[in-house]
Every structure is written in structure tokens, then in C-alpha cells.
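When you get a sec, could you build the whole thing from the sequences and use the hints?
2 protein chains.
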Amino acid sequence: MSQAHQGGDGRRRVVIVGGGFGGLACARALAGADVDVTLIDKRNHHLFQPLLYQVATAALSPADIAVPLRGVLAKAKNVRVLLGEVCGIDPDRRQVSLTDGTTVPYEQLVLATGSAYNYFAHPEWAQQAPAPKSIADARHIRASLLKAFEDAERADDAAHREALLTFVVVGGGPTGVEMAGTIAELARHTLKGNFRNIDPACAKIILVEAGPRILSAFPEELSTYAVDALRRMGVDVRLGCAVEGLDDHGLDTKAGRINARTIIWGAGIKAAQGAAWLGGTHDRNGRIPVADNMAVVGHERIFAIGDVALLEQDGAALPALAQVAQQQGTHLGRELRVLAIPRPFRYRSRGDTAVIGRHSAVYSLGKYQLKGRFAWFLWGLAHVYLLIGFDRRALVMFQWIWRYLTFERGARLID
Amino acid sequence: MSQAHQGGDGRRRVVIVGGGFGGLACARALAGADVDVTLIDKRNHHLFQPLLYQVATAALSPADIAVPLRGVLAKAKNVRVLLGEVCGIDPDRRQVSLTDGTTVPYEQLVLATGSAYNYFAHPEWAQQAPAPKSIADARHIRASLLKAFEDAERADDAAHREALLTFVVVGGGPTGVEMAGTIAELARHTLKGNFRNIDPACAKIILVEAGPRILSAFPEELSTYAVDALRRMGVDVRLGCAVEGLDDHGLDTKAGRINARTIIWGAGIKAAQGAAWLGGTHDRNGRIPVADNMAVVGHERIFAIGDVALLEQDGAALPALAQVAQQQGTHLGRELRVLAIPRPFRYRSRGDTAVIGRHSAVYSLGKYQLKGRFAWFLWGLAHVYLLIGFDRRALVMFQWIWRYLTFERGARLID
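Protein chains in written order, with numbering that gives the first Met the number 0: chain A, 0 to 414; chain B, 0 to 414.
Honestly, the hints are just simulated from the structure, not real lab data.
Fair warning: this is a prediction, and the values are worked out from it, not measured in the lab.
Where hints are given, some of them may not hold.
[What the hints assert, rightly or not] Label-pair restraints from in silico Cβ distances:
id	chain 1	residue 1	chain 2	residue 2	range
1	A	Phe119	B	Ala275	49 to 55 Å
2	A	Ile387	B	Ala125	35 to 41 Å
3	A	Asp291	B	Tyr384	41 to 47 Å
4	A	Ala30	B	Glu243	47 to 53 Å
5	A	Ala73	B	Ala125	32 to 38 Å
Backbone N, C-alpha and C fix where the C-beta goes; we use that ideal spot for every residue, glycine too.
Next comes the structure, spelled out in C-alpha cells:
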């Protein structure tokens, strides 16, 4: 072990890139160990992404679902948080380069850089169809949604007004379903009586999915249930409807043109940077193949976890879920407390869940399925529980109960 | 009354420009009257400005102190909210022009455009020394404050680190005092243990005031108390210290140079646009002189209320306070319910208050004074009460109690 790769008192240096579910879990598992840990993130906060769509739809404030990384790790005296953006890795010199020109040496490196939305061959679509990934995205979507109603209120032309009141969500995964359901609730209930020239309840909410069914990761029965539930809420669900083009006035699909001013993207993700820094192999979604102990193939000192890692278990790649990242982070952190080769990791699913709207959600774990009111209640309970900190739990729970009773949304800000 | 200045059913049209304390109070007082009311604001929300400094210092989220104007006025069916920016008034044709080229006719017009911070002869200083006036400003200040600590954590050079950890607040009015006190609490308590290379408690917080005392609108005894309280909290209060120059690295004052990366402005306000649109007289702060019934001198159909109006009572101009604007708005709204010349308004002060820090505030009403723990408690109670909506009251109260118990601040976001 060379001098540079040790801490001030000769301790082993572990560097973690990314403070999402995987990276933060890894840092927490390393707290108090005889290791110098550096957690690098370009943002100062850990974001509870599963609820980001609620920020995008004015139900919650960004700070309700974000915790400062320094605050969470304040008591882990061996963990240092570094606000910076990684731009490269030098495996030979064992150091990470930041965009400000500095380098951070490591003895062991954990890549937990997460994922971004996938616009496939059309990155330029991100302009017209933002996806809820960061707080800035969510705020942007929130402003677009609310601004569309404002503009419709003032529009003289009927066709223009209709396009303004048409909201298209692309992608029938959990995020797309949640977004479409919530926009329907916003239009039908929250904004009721707020306008004088338009009736917000007349808004068209269209969910387009290229495949034959929505929530394709769930059993078919739950997909059917979700379609029915969405349609009852007034969402126009269009299956087998791939997007072929996007512009400022709407989108072209296989099934024809849709004029819409607001388009929200939720169609598939791709791994964030990571593979490019290593110059190694990766799958078509940019994921880095790792061994069963999360070591990057060909790099014994480098590990990848979460959405950026491609780990096969029982013949299938583990999905890009918060619980996978978190379990991997915790496992790897515990293993790295001592200097040894980490033991293999095994993912134990706690089940998949998606919420559709009021009283309506789905949950699936192996053969076990749940849908409707009880699944919806459990979804809420689980998500409140998974938030970090008593204050955030209390704030989110209060706002949910308030919204449940009044249909009001506390964060209707255009800014 | 010409056709254009009436509503669809021939009703009188009242247009209110600005949805702050004055404009919103006026619109609410007109709810249900036999009048067509249009409330124009460039933002979709009413902002509870007295607590904006708490957003700037990461204690509250923007949505906690902002309510959507449409939501507040949903039940006032005769009130229409228009999201737009006014750029001119034509008193002869009785219409308001918006930046998007449309015009809004009025029979009676209420100007409630508020105020902006006054950089006196140096508008360019706004760049280096932002003032907490809008939500965007508050977010920008919050990010600057938190980023300064982040950069200090990484700084190698001692002088540079010291400049990064020096925070200067310009202006010893209530906003300046509140900002300085809160930054001190942030540095000494909230961020404790969050860093590895710096001790945030070593941050220097300097409050510079050009005049001989801070809180000059309060009795001298309370000013002295405030200085003592700030100094006990670790704030360096410098009186008679006028700012002469500002740059990216600090500021020059009459008493010498201060190197500081973060400078926050809170020194005096000037009226927002309004006088310019009318082309009439105004005082040196841009306020429009009004008669005792708030009618603009020389314009019997136009009224001005709040910070944009200059109304003398008992020989002195009424101060730029939320309670003045609110009382004027309510009075004028009630008077305008019927078509007649509004009766004179008389301001009844409920007292002035400013908070310095934990357990420390001042309150003054005529000969009656209050300071310390009890004033602080009353200040909190009054501000929670004045928020609009049960949900916001509950959210703010919960976050204050949580912060009181833990010193934690829920909105430490750099975004």
C-alpha cells in the first residue's frame, strides 16, 4: 500500500463515488471502521428518488425528500464528504480525478453513480420531454404542468387551448404510471374551481407505452388492474404506441400525432457515467459487469453497485431499484470494513410496488400479489418509513394526510 | 361607464396589480361583491415575505411560506387571477398593458406592486450581494451560504479559507438582524460536526450598519439589547460602517476592507414600478403620493396601497410593513364593493417586531416594549398565525419545534 492511498494515520482509503441509495448505504456501513472513507457527490444531498414524482406534481417540497449528506454522516467521523464532480479514474495510479483539477487517491473504489433517463437514439428529446431525475428536473416539470393550465386560461384559440390541456407521459413503468395518475388527480381535484375560463377537469392525460402492457415488471394481472384503475381516473392509456418524433407542439407515435404542449419522459433508464471512466466493457444500457461480490471484472480494487452495475443472479440481471442498490451498498460496506476479498452478494427482494392513485397501488413478491386500497396504504407506509429522519417522515406523512382529506397540494409554485 | 370597462354582465371592473399582502387583502375584501375583479401578478403565488429569510438560511422550504393565489381565491367566483407582467398603464383609455401585448380594461385600478431592495446608486452590487426578496433570491442565498462552507472545507490556503468563512450582512434593519442571527446559528450549531477540515463555528458573521444603531425603527433601548444579543451569538456588529465598494472578494467600508465571499444585502427598500407607469410625482424611494383614501393624486380611478404608496398619517409616512399593506388592502377592498369615493383610511399599528435568534426578539408598540424570551415566543406564535392555511401553519410550526429541539435545518439544499 503506497503512502498516497492511506489516510493521515496510515489507514486504508476507500473512495465512494455517488451518494444515492447504494453509495450512502455503503458509507453508513463503513462508519466507525478503521478505514478512511471519502464519499464524493456532485450534489450536497441524498435524494429519495421514489418520491420525486410527487415534487414534480406539486405535492411535496424538494427538501421533504432530500437530506444533506453531511448531516446524515456527521457522526461517522471516519467518513469525509466531498462536493465535487468526478471526470475520470486512473486505475494504475489508483486515483479519481475531479473536474476542478484535483485528484483523490484510493486503495479501494466504489462506483455508485446511478442512472439517467434513456432517450435512446434521441438525446435532443430531453429538451421537450423532461424526466423527473433531479430536483431541478422535478421543479421544471412542476412549473411546466402548472404553467400549461395558466396559459390555457388565457388562450383564445380552442385548438391551442386543447393542446395546452393535453399532457402526455411517455413510458408505462412505475414512474410513468405514477406521473399520469397524479396529473389526473391534480387536474380533476386539486385545481377544481381555480380557473374562470377553463375547466381543469377537461384536461387530457395520455400515457403512451411502446410495449403491449404497462408495469411490465409486474405480473400481467396487475398490469390489467393498473390500466383499469388509470382509465377510471380519466387517463387515456395507449399501448403498443411507440414514440417516433417529438417537437414543441406534440409528438408523433406509431398510432398517429398527438398535439400536446407538456410531455413528460419516463421511458427506461441508462447507467450514468462509470463504464466510460474505466474504458472497459459494458452492456447496451451502459452498465458495468461485476462479479458476484460487486468487483468490476478486471479491476480487483474497483467495485460497482446499484444502477451502474450489471450483476446477474439466477440467470437474470438485477433490476435498477433502490432496494438493490441499498442492499449492495450495505453488503459491500460491511465487507470492506476489513481488508479482504468481499464475499458474494445475494439480493433478497422485498417485493416491487407501484402506486397508481388514491386507494390504488400494486405490490408483487414472487407468487404473492396485492392490489387496491390495502396495497396503496402499505405503499404509503413503506415509503414514509424508508425516508431518512423523523422530521421528513412527519412532514411527508402530514402532507399526505392533508392531501388525502382536502385534495390540496402544498407546493404549487411556478418559479 | 363604457362597455369595455364592465364585466360580461355589465358589472364594474376592478383591476388589482400585485398579489402581495396589500393586493391579496384587497381581492379578498372584494370577494362576493357585485364587481368583476382581476388580480394580476407575475408570480402564481402569494409569498409570506417576513419568513423568507428562513428559506434563505435553509430552515424552511419555499412552499411552506407560499400559497397559490388561485387556491386562496378559488371560492371568490367574482375574482379572476391573471398570471402576467404589467408594463404600462393608460389612464385615459383606462387599461393596463401586459408584456405579452394584451391589455386589461379597468373601471378602477389598485396598484399594489410592493417594493424591491435598494442598492442606492449601485444597482450592480445586486450581483455580489443578493437580497432575500423572491423565492429565487432566497434559494440563491441558501446555496451561496452552504457552498461557502463546502468550498472552505476544500480550501488549502488559510487566507482564502478565512474569506470563505466570512459572511457579511449589510443593513441593520429587521431583515439584516434576522439574517445575521440565523447564519450564526447555522454555523455554530446546525453544521457542527459536519466537516472534517474546518470548524464551521469559526465562521465570522459581520453585520455592518451605516447608521449609529441597528433596528432604528425601534426604541433605542431595544437596539442596544439587539446588539448585545447578536454579539453574544458571535455576530460582529459594526455601526457607523457605510459600504463604499463591493467586489467578488469582499467589500470596502468607511472603517476599512473586509474580505468575504458571501455578502447579503438588507439595506433599505425602494418602491417597485408603479410611479413610472403613471408618469406622475413620486418621492426619492419611488413611492406614489396618495390621498388619505389611497387615491393617487390626480387619478381618481387609480389607488395605490402598500410599499408602493406614500401615505402620510400624523405627519409621518406610513412604514413599508406587511400590516400596513394588509390593512390598506382590506379597507380599500371593502370601500370598492360599492361605487363611491372610498372613505379615508387610518392605520392602527399592532406593533413592530424583529427576531434576533433563539429566545431573543424585540417588540414595540407605542410606549409598550418587550424583549427576550417572551417576545421571541410571541413573535413565533404571531407569524405562524399569520400564515395562510392550516397546512402551512402546521408545517412551519413542526419544523420550528424540530429545529428548536435539534438545531437541525430541514432544507439544506444546494441546487
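Outcome of the hint check:
For the pair A/Phe119 and B/Ala275, the beta carbons lie near 51 Å from each other, so the given range of 49 to 55 Å is met. The hinted window of 35 to 41 Å between A/Ile387 and B/Ala125 holds, with their beta carbons roughly 37 Å apart. Taking the beta carbon of each, A/Asp291 and B/Tyr384 are about 59 Å apart, not inside 41 to 47 Å as hinted. Distance hint for A/Ala30 and B/Glu243: a CB-CB separation of about 49 Å, consistent with the stated range 47 to 53 Å.
Between A/Ala73 and B/Ala125, the C-beta spacing of about 35 Å keeps the proposed range 32 to 38 Å intact.
Of the numbered hints given earlier, the model fails hint 3 alone.
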